[in-house]
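There are 2 protein chains.
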Amino acid sequence: MSKNLKTTLSFKDKAVDIHRDGPTVMIGERINPTGRKVVLAALQEGNFDLVREDAIKQVEAGATVLDVNAGVPGADEVALLSQVMQEVMSVVDVPLCIDTANPKALEAALKLYDGKALINSVNGEEKSLESVLPLAKEHGAAVIGLCMNDDGIPATPELRLKVAANIIERAGKYGVPVEDVVIDPLAMTMGADHTAGLTTLKTIELIVAEFGVNITMGASNVSFGMPDRKYINAAYMAVAIQAGLTCPITNPLVTEISTAVLATDLSLGRDEFGMNWIKAFRKRKKNQ
Amino acid sequence: MSKNLKTTLSFKDKAVDIHRDGPTVMIGERINPTGRKVVLAALQEGNFDLVREDAIKQVEAGATVLDVNAGVPGADEVALLSQVMQEVMSVVDVPLCIDTANPKALEAALKLYDGKALINSVNGEEKSLESVLPLAKEHGAAVIGLCMNDDGIPATPELRLKVAANIIERAGKYGVPVEDVVIDPLAMTMGADHTAGLTTLKTIELIVAEFGVNITMGASNVSFGMPDRKYINAAYMAVAIQAGLTCPITNPLVTEISTAVLATDLSLGRDEFGMNWIKAFRKRKKNQ
Numbered sequence: 000m001s002k003n004l005k006t007t008l009s010f011k012d013k014a015v016d017i018h019r020d021g022p023t024v025m026i027g028e029r030i031n032p033t034g035r036k037v038v039l040a041a042l043q044e045g046n047f048d049l050v051r052e053d054a055i056k057q058v059e060a061g062a063t064v065l066d067v068n069a070g071v072p073g074a075d076e077v078a079l080l081s082q083v084m085q086e087v088m089s090v091v092d093v094p095l096c097i098d099t100a101n102p103k104a105l106e107a108a109l110k111l112y113d114g115k116a117l118i119n120s121v122n123g124e125e126k127s128l129e130s131v132l133p134l135a136k137e138h139g140a141a142v143i144g145l146c147m148n149d150d151g152i153p154a155t156p157e158l159r160l161k162v163a164a165n166i167i168e169r170a171g172k173y174g175v176p177v178e179d180v181v182i183d184p185l186a187m188t189m190g191a192d193h194t195a196g197l198t199t200l201k202t203i204e205l206i207v208a209e210f211g212v213n214i215t216m217g218a219s220n221v222s223f224g225m226p227d228r229k230y231i232n233a234a235y236m237a238v239a240i241q242a243g244l245t246c247p248i249t250n251p252l253v254t255e256i257s258t259a260v261l262a263t264d265l266s267l268g269r270d271e272f273g274m275n276w277i278k279a280f281r282k283r284k285k286n287q
Numbered sequence: 000m001s002k003n004l005k006t007t008l009s010f011k012d013k014a015v016d017i018h019r020d021g022p023t024v025m026i027g028e029r030i031n032p033t034g035r036k037v038v039l040a041a042l043q044e045g046n047f048d049l050v051r052e053d054a055i056k057q058v059e060a061g062a063t064v065l066d067v068n069a070g071v072p073g074a075d076e077v078a079l080l081s082q083v084m085q086e087v088m089s090v091v092d093v094p095l096c097i098d099t100a101n102p103k104a105l106e107a108a109l110k111l112y113d114g115k116a117l118i119n120s121v122n123g124e125e126k127s128l129e130s131v132l133p134l135a136k137e138h139g140a141a142v143i144g145l146c147m148n149d150d151g152i153p154a155t156p157e158l159r160l161k162v163a164a165n166i167i168e169r170a171g172k173y174g175v176p177v178e179d180v181v182i183d184p185l186a187m188t189m190g191a192d193h194t195a196g197l198t199t200l201k202t203i204e205l206i207v208a209e210f211g212v213n214i215t216m217g218a219s220n221v222s223f224g225m226p227d228r229k230y231i232n233a234a235y236m237a238v239a240i241q242a243g244l245t246c247p248i249t250n251p252l253v254t255e256i257s258t259a260v261l262a263t264d265l266s267l268g269r270d271e272f273g274m275n276w277i278k279a280f281r282k283r284k285k286n287q
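Just so you know, the protein sequences line up as chains A and B, in that order.
Numbering that gives the first Met the number 0 numbers the first residue of the first sequence as 0 and each following residue consecutively.
Numbering that gives the first Met the number 0 numbers the first residue of the second sequence as 0 and each following residue consecutively.
Hints were generated in silico from the structure; no laboratory data involved.
Some hints could be false.
Identical copies carry no separate label here, and so any pair may be met within one copy or between two of them.
Keeping only pairs whose Cα atoms sit at most 20 angstroms apart, straight-line, the calculated SDA-like set for lysine to any residue is [unchecked claim]: (1) 282 <-> 228; (2) 229 <-> 268; (3) 229 <-> 252; (4) 201 <-> 271; (5) 278 <-> 171; (6) 229 <-> 272; (7) 201 <-> 19; (8) 278 <-> 224; (9) 282 <-> 226; (10) 284 <-> 228; (11) 229 <-> 280; (12) 285 <-> 227; (13) 2 <-> 204.
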């Protein structure tokens, strides 16, 4: 099996390839009310100005896919997620990562989406697999598989690899090809366990060596509870990309993060003539 | 052969261990008139205030070894290098990396040094090997071996490995053990060739897999000629440490650099309970 599978997402006629030979794909994380009170309040009021602004700003800052989450407590997520997606699609034309734990909201979102979306997410639990994978197959979507199951998040890289292997196998049975499964190895905070980051890096290396699939991650979790998180996140981004991370879910508006991604691509020979680095530098200068 | 040799440097009763299980050792680069006009002018005037200040500041910022270079055009390097070392040793008690291409200056420096120094450097040329290695043996010093020879810097990782292998073999014949040879894979600028950084990373991986020796590097060369160099240097530092770099020669006063080193150690599980990260954070706060 190839060690470097390619996942192609699309929105209308725009395609984004994710693979280890090309530049790292930043999935913008900001359209998400979880932990962002101002977004939560705006969505509760039915005000989508901030959503549109977050969409535009993240794409300008280098995100080539946007995560869209509309998990507002008490709200009708089926209607709200569709609405938020419509707002995003009215201002940018990048593929979306549909972020919901609600199968009905997911189904409605996939129906209105024109292209190949990324579903965030399925995990190793039977209930999750059998509700999400048929939808992925039906709508031709790619899917993020989290390395956790009914027993929680396994402690060792080897056990997380097993969960990933199970998700990939079950996806295949539902007709979702391995290149459309993007694995999230899960990053726990190093504030609680200083080996947590290393465990995740080893998990990435094992999964890439075994399946060659693309890897995503909410790469800022590792620094939770630590001071000066942006520097930790920047270094962790670099080593995770080197280990095999290809499409982090992250905040491209943080200079330390977006530069870490671009500089790591450059360091790994994935930025021909350094043009992406130089273009991004010029944009930063202009916006200063 | 072990994949993780330990190099122990010392100054008087203070020892510094360099190996891949422990924290990365920052070798402070600033006591060097090359490219620093203000240092050059001060040394030409016989003013050592700046040297002492650079020594103190770098150690405060986390350097545990200091590089000392006194290459002033037209000056008597034998006398000047010894003088600069005396000034440094009068204010800090860390091991020194003696940085000179002049065998007489090196010999004088090694004679006055009390401990196990690091010699910067030998290369694969016969003339270099036979003038430097006997001094390393005689004074019990460790030595940096540059991956270059009469033909220049080899283009491929495999050819640089050959140069490293030759230096290690010749060192052995002169009685300098393999764990006292620290290899510099040499980093060319990505501004001229966008694969230059990757070539160096692969060189590190090959040399570490083959010999398990420690690896040093002037890690800022990779970004020469590119904009926003500090961000490139930070990301490159992270991926190089992950590849096997253990003792970069660098400027610990640049926050992006020192945090990249510390955050990478943390990410790789080499900072127990994150205490080094937290201590350095508190120091940065205090100095703000």
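Verification of the hints:
no., hint, in the structure
1, 282 <-> 228, "between (24 angstroms within a copy, 16 angstroms between copies)"
2, 229 <-> 268, "between (24 angstroms within a copy, 18 angstroms between copies)"
3, 229 <-> 252, "both (11 angstroms within a copy, 18 angstroms between copies)"
4, 201 <-> 271, "between (28 angstroms within a copy, 18 angstroms between copies)"
5, 278 <-> 171, "neither (40 angstroms within a copy, 49 angstroms between copies)"
6, 229 <-> 272, "between (27 angstroms within a copy, 19 angstroms between copies)"
7, 201 <-> 19, "both (17 angstroms within a copy, 16 angstroms between copies)"
8, 278 <-> 224, "between (34 angstroms within a copy, 15 angstroms between copies)"
9, 282 <-> 226, "between (29 angstroms within a copy, 12 angstroms between copies)"
10, 284 <-> 228, "between (24 angstroms within a copy, 14 angstroms between copies)"
11, 229 <-> 280, "both (19 angstroms within a copy, 12 angstroms between copies)"
12, 285 <-> 227, "between (26 angstroms within a copy, 14 angstroms between copies)"
13, 2 <-> 204, "both (11 angstroms within a copy, 19 angstroms between copies)"
In this structure, only the earlier hint numbered 5 is contradicted, and the remaining ones agree with it.
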